[in-house]
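Chemist: Listed below, chain by chain, are the residues.
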Amino acid sequence: VKADPGHIATNWAAANAALCASLEINWNGSWVDESGYLDVSQPGAASGSHYLFRPEQGILSLGWAADAVMSLRLDNEGGRFSRGKAGSPANLYGIHNKPIRLSIGYRHAGGAELADQFTGYVVDVPAESEAQSTVQLTARGMASQYADRKVSTLVYEGLSTDAWIAQLCTEAGIVSTALDHGYCVIPFAYASEQPVLDAVTHAAAAEGGFVHFAASGALTFWNATHWYGAAAVGTLTLDDYGDVSPRSRYTDIYKRVTVEVQPRQRGRLQRVYELKAPIWLPAGAAVLHKARLSLPFIEWHSYELAAGTGGGNAAAEGDVNVSPSSPQSAQRWDVILTNTTTHGLWVSKLDGFAYALEGRDSQSYEYASAAEGQVDRNLDAPQLWEIQTEEQAAHIAETLIAWLRDGSTGVASLQPRRVITASNVSGNPLWEPGDVMHLHSTETGLDGDAIIGGLDWELGSNDYTCTLALINAAGLYPATFHKIGTTVLGAGAYWR
Amino acid sequence: MNEGWRDQVTLYDGMLLGARTWQRLAVRRADWLYAQAHGALAPQALTFYTPGNEAGAQVYYETPWHTEHPTLQLSARVTVPAGQYVSLQLKTGSGVDDWTELQRDTTTGAEHWFGGSEIRTYNVSAYAPFPDDVVLVRLWHGLSCPHYVRQAVMTGWIGLPSYPNPMPTFGASAHAAADFNAVTSAQEYLRHCAMQPNLGRLVFTATHTQENAYEPLGFWTFRRDGRQEIYADVTVSGYASDARVLLRLWDDTGTEHVLWNLSANGHVYQAWDVATLGASKGGWQRVELGVLGNAGGGNGAATVTVNSLSVRDLTAGVTRTYAPSPYDALATALPAHMAALVNDANELRPLDDRESPLYTAHLMAPWIMAPSMLNRSYWSAQGFRFTRKWRWLYWRGAAKIVSTDGQYETTLSDVLDGSGAQTYALQVYDLDSVPWLAPDMPYNVVPYGGNVLKTAYEHYQCLSAG
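As you go down the protein sequences, you meet chains U and H in turn.
Under my numbering, the residue at position 328 of the first sequence is numbered 328, and the numbers go up by one with no gaps.
Take any residue in the second sequence, count from 1 to its spot, add 1000: that is its number in my numbering.
Excised from the complex, chain H in its bound form:
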């Protein structure tokens, strides 16, 4: 929780080094940062479109706008038939048609990277302020233009502190206040790294029927950091005719690893150490769930419910090498105490060779895919599962917050137009006002009735009056 963070006083030569007034606060901040680097992570769910014969926009991503992270970074694969195009558009006004095109891809032929390169970057600060203070992008497509997003992130580091260089080395000598303050500065830097939206884990049920072909049901991507375990929990039902349910991971070298090849109904869950699968720290990993039809002919079928897909700490063997300890007044201030704070901070730097790198990336939250986006599949019961981290829940559409055991639920408002139709206007809810929802508690955000929930995500600031 953001409020768990504590400001630290600037020290000056001649002051006494305090336990509660400094050292314990420094440890608390270190623990807060470590918790951010090791809390459960929802991989970014990738949205995709396998076309019917229509033009339009089905793939949307959004995140609150922060001037310090002004660069949109988008990676997508597209296929463009002759005479068609795929266009990346940014919402720049409150009107229905207030979209500004950032990039148009008219390259026809085989599937290729959107815009001609794997990662396209756009500084969108010139378009601010944005409606609802949210950066919302979409891919507009012409007829029969299948595409999927591999990554949508806001990046940049404008006006934020830098990491002290060099960090002090504490020894059995007198140290100037600047050395202690460097620890504070390092923690401030890391805090800004940790201030990222909290995406939910997309939960859904996909019913799929097809012959002798592979059809993807879902994609996810994540950047490997100190969290080393991927966990999946799915329920397969309606299995028929020798279909296969595949869960595969492509590591950052592009090597495919088959995690599951399921051929029966049942509830399955498993965790994998991604390091043993070849995933490197700092590398982007991609996970794909799909159904393979009956190779022998006939309609293979399966209904797959994704209950959870998350990245988390290994259940054993996680080491925090330099965990600092809090000390009380009258305890001797030792070099080792300070060294632990320095080393612990160093291991959180967003560098690939560190133990728990806090990579900075504002992953954009996807909008839930509509059934019309899919080929030969039907999606239902879509929602998000969160582990509560921040105070503010952003959402669009009809949503209720439900405890994972179903015992508690809080229905949120929806915004309708004059005809009673959903507008999907952005709304923000103060999760502090939900009495049963404590920090770090898991909960679901799901639609209710026959209404649609477009998206939901947690954020550390409330930027909208919505």
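Isolated chain U, as found in the complex:
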């Protein structure tokens, strides 16, 4: 749940609290308050969605959600959001890809108490609406900004999952992060021109965790025990929702999970780069050479360079300056060769030597569940290179099997974990995906905790309503586990 600046929770429960919102756009390097152009008393003033999973794909897609979206209906009588209106911010700075954020809350004691609702980037104001007195502005979450951002890193040994995600974020320039501690260690991790969001999502999934961008814009990693002992942020009963519809994906029931392990190891010192064609260096010139290594390297050792005049005279040491002297990332070495002499030189040899990272033969590990004996179906877990040990494979297999099965009391073991949609809920601005909600639904017999896996929201007519996609949390943590620093040894069970 988001942090309450003071009285949002009590105002949400109160009868006559006044809803309010703060809208800001960063047109040109600083945030500008645009709240005056968003009228929350108008129907359909703002709407959006924020999901941790793809509802149509069930629990298995947890952590692989589409980006958050937001749509705003803004006052444009002055042409502020029209690109063609001379002098408008949209005209001066453009509007596409401008950072935008929305906070909502309640008026309190003459001011406003607000919580982050959306942080992202403007996609567009449709040209046809620019001529209207109101414009429809659409925005996408933070993921849109990084969707195409690729990273290349050095090889890192023995990083925990969260440390690797932090490293990837640093490389990609993702500054705002909130990372749980990871449970697994990745023996050898590197990225080579890999989309950063793929990399962080895969790393999280490899240990049963999840990555998403929070409403604040922070890239957030939750480990698989994130919800253990989490208190419900509220209770939903019949009076609180318009409709509730549970869904089960029976195709999510598996007897076995097969996980592929892709071990890696440190290789021998070997040549990882060899110059294929000579490079001509004019006198005093610097030439950028983009070397691509044949193998990712763990530890750089040295390079060997040979150059000559072409007339048979070998260059002396120091005639060619090499900078940087080692590659910038595991497989990329953009090296500047500088001829320090007053005559041209051919670089005929540039070999790089390093301890390479080697892959070992991959192996498949199969884990059978006793509970699903009647359904002889196999789940092939996503092939993730981050899974490099049998132990991690076993861990992820056990996690997947347990998470797929609904742990509700009295529910047959063949019941897949249900997703419940509760619509037309009076929304609390503090709720966010990932919160635990207690659901009491006499119609469905559901009476227990569920995780808000997704949230469609609408702001307008002085009201804030939500449709919640709830993941039944029963049996996610089927014991009292040993919580480090808290549980007495002997009083709690091992988690996976």
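Treat the hints as calculated values from the structure; they're not laboratory data.
Do not take every clue at face value.
Selected chain H positions facing chain U (in silico; Cβ < 10 Å) [to be verified]:
| # | residue |
| --- | --- |
| 1 | L1011 |
| 2 | L1016 |
| 3 | L1017 |
| 4 | R1020 |
| 5 | R1024 |
| 6 | L1025 |
| 7 | W1250 |
| 8 | A1331 |
| 9 | T1332 |
| 10 | Q1461 |
Chain U stretches covered by chain H per the calculated footprint, using a threshold of three residues with CB under 8 Å from any CB of chain H [as the list claims (entries may be wrong)]:
| # | segment |
| --- | --- |
| 11 | 177–186 |
| 12 | 255–268 |
| 13 | 387–396 |
| 14 | 480–486 |
Estimated spans, in silico, between C-beta atoms of each pair [to be verified]:
| # | chain 1 | residue 1 | chain 2 | residue 2 | range |
| --- | --- | --- | --- | --- | --- |
| 15 | H | Y1408 | U | E56 | 51 to 61 Å |
| 16 | H | T1067 | U | S30 | 31 to 41 Å |
| 17 | H | A1323 | U | G6 | 53 to 63 Å |
| 18 | H | T1050 | U | G311 | 54 to 64 Å |
| 19 | U | H289 | H | S1125 | 29 to 39 Å |
This one's a predicted model, so the numbers in the text were calculated from it and none came from an experiment.
Think of the CB as a built atom: it goes at the ideal place given N, C-alpha and C, for glycine as much as any other residue.
Here the structure of chain U is known, so what remains is to put chain H in place on it, guided by the hints.
Modeler: Positioned in the frame of chain U, the structure of chain H alone reads:
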């Protein structure tokens, strides 16, 4: 195998204690460490020189260079005639003559400790980088300077973790993450102790003939740890004229124990509990094989093939007092589980009062002795027998890897100079690429044809592009 080791995640308060994500990994690491402390050990074969009338260098030792173990520790006995000397030299360049003298002993007279003390130490880090990233030393000797090395080791502990002090005592209470992480730290410390080169057991045949005198054929040394049994396997042939084949152990107090006094042809093998022979934990023991000539005159003779000489666990009565067990998810995490991990680690600390001390020492691998080093003996069929432990095989000369039953063999490359002569350049082979050679499998490394194998040893890292 090094790849059998697993990294362990750092825990934080608030995390759940996992079975597969932590406890089973901790047990796996403990088992790996215990296996290092109890796997078969090849005693360090000592090289020696019983002179002909020549000067030169015949005794060589080497090991891969690690900055964390920068101190060469050498112990040798020398005899220096007037006007001669024995010099300890370090290879510091790739040229044939790029040797740097570390110590020169010119003390004449009776046999004495080289350099004037039983153990000489030299920090050689100032000479790094070394050719092929290997520390290679030799003893250069003048005319008629018999000598033998008693111990050649790289020691030191630079930049490596220390053992947690104190180790936590787990009880029925809530423990902070630091307590669990102390187990991880202890295991990391012990891992560094266990990361040592794997020396091969020197196998050779020595044919010896002489009158009424004792002549040593081989020396070995080892430090007694949790492994308590020494095993020897030799074949005696060509026995003549009442010679004796002696195998003796000198324990760390200097007391001599005669293990064998053989006086007939035959294949003999036997194991001894070194504790009953007076060998103390932590003490260096020395084993010597030799032939005693006919006391009554005439040429005593024997051909002795050393098939194996190793140190290993007793076949019965080995106790791992605190063996930890792996647990699955949903099993109750008990203080006893954690205590077993702590106690098991404590028993592996390199201290003399521990059950299975993992003493840290990078024993240097000897070069095989050339026939010219010996007096009245002829050596042949020299090679090394390994129990595969690490991935990388270092060797110099002409070598082939042969399964112990002779069914499989893989010939390794040799390096020749322009005239076709062997250069004995250092080479490294990836044993993972030998399909028939599984971890923990015994195998031999032997020369082929009329070529020479200088040395061979396994290492946990490939430090050379050779």
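Chemist: Next, verify each hint and record whether it holds.
Modeler: Okay, the hints, checked on the actual structure:
Interface restraint check: H:L1011 against chain U, minimum CB-CB distance 6 Å, threshold 10 Å, status holds. The interface hint given for H:L1016 holds, since its Cβ lies 4 Å from the closest Cβ of chain U, which is under the 10 Å cut-off. Because the smallest distance between the Cβ of H:L1017 and any Cβ of chain U comes to about 4 Å, under 10 Å, the interface hint for this residue holds. Proximity of H:R1020 to chain U holds as hinted, the smallest CB-CB distance being about 4 Å (cut-off 10 Å).
Given hint, H:R1024 at the interface with chain U, holds; its Cβ is 6 Å from that chain's nearest Cβ, closer than 10 Å. Evaluation of the H:L1025 hint against chain U yields a held restraint, the C-beta minimum of about 6 Å falling below 10 Å. This hint is violated: H:W1250 has a C-beta 40 Å from the nearest C-beta of chain U, more than the 10 Å allowed. For the restraint placing H:A1331 at the interface with chain U, the shortest Cβ-Cβ distance is roughly 5 Å, inside the 10 Å limit, so the hint holds.
A hinted interface residue such as H:T1332 counts as satisfied when its beta carbon comes closer than 10 Å to some beta carbon of chain U; here the least separation is about 5 Å, so the hint holds. The restraint placing H:Q1461 at the interface with chain U holds, with a minimum CB-CB distance near 7 Å, inside the 10 Å limit. Under the rule that three or more residues need a Cβ within less than 8 Å of chain H, the assignment of the segment 177–186 of chain U holds, with 5 such residues. Given as covered by chain H, the segment 255–268 of chain U passes the check, having 5 residues with a CB less than 8 Å from a CB of that chain where 3 are the minimum.
Coverage of the segment 387–396 of chain U by chain H holds. Counting CB-CB distances below 8 Å, 5 residues qualify, and the rule asks for three or more. Only when three residues or more bring their CB closer than 8 Å to a CB of chain H does the claim for the segment 480–486 of chain U stand; here the count is 6, and the claim holds. Roughly 56 Å separates the CB atoms of H:Y1408 and U:E56, a value that falls within the hinted 51 to 61 Å. The given range of 31 to 41 Å is broken by H:T1067 and U:S30, whose C-beta atoms sit roughly 51 Å from each other.
In this structure, H:A1323 and U:G6 meet the distance hint of 53 to 63 Å, their C-beta atoms being roughly 57 Å apart. The supplied range of 54 to 64 Å is met by H:T1050 and U:G311, whose beta-carbon atoms lie about 59 Å from each other. At about 35 Å, the CB distance of U:H289 to H:S1125 agrees with the hint of 29 to 39 Å.
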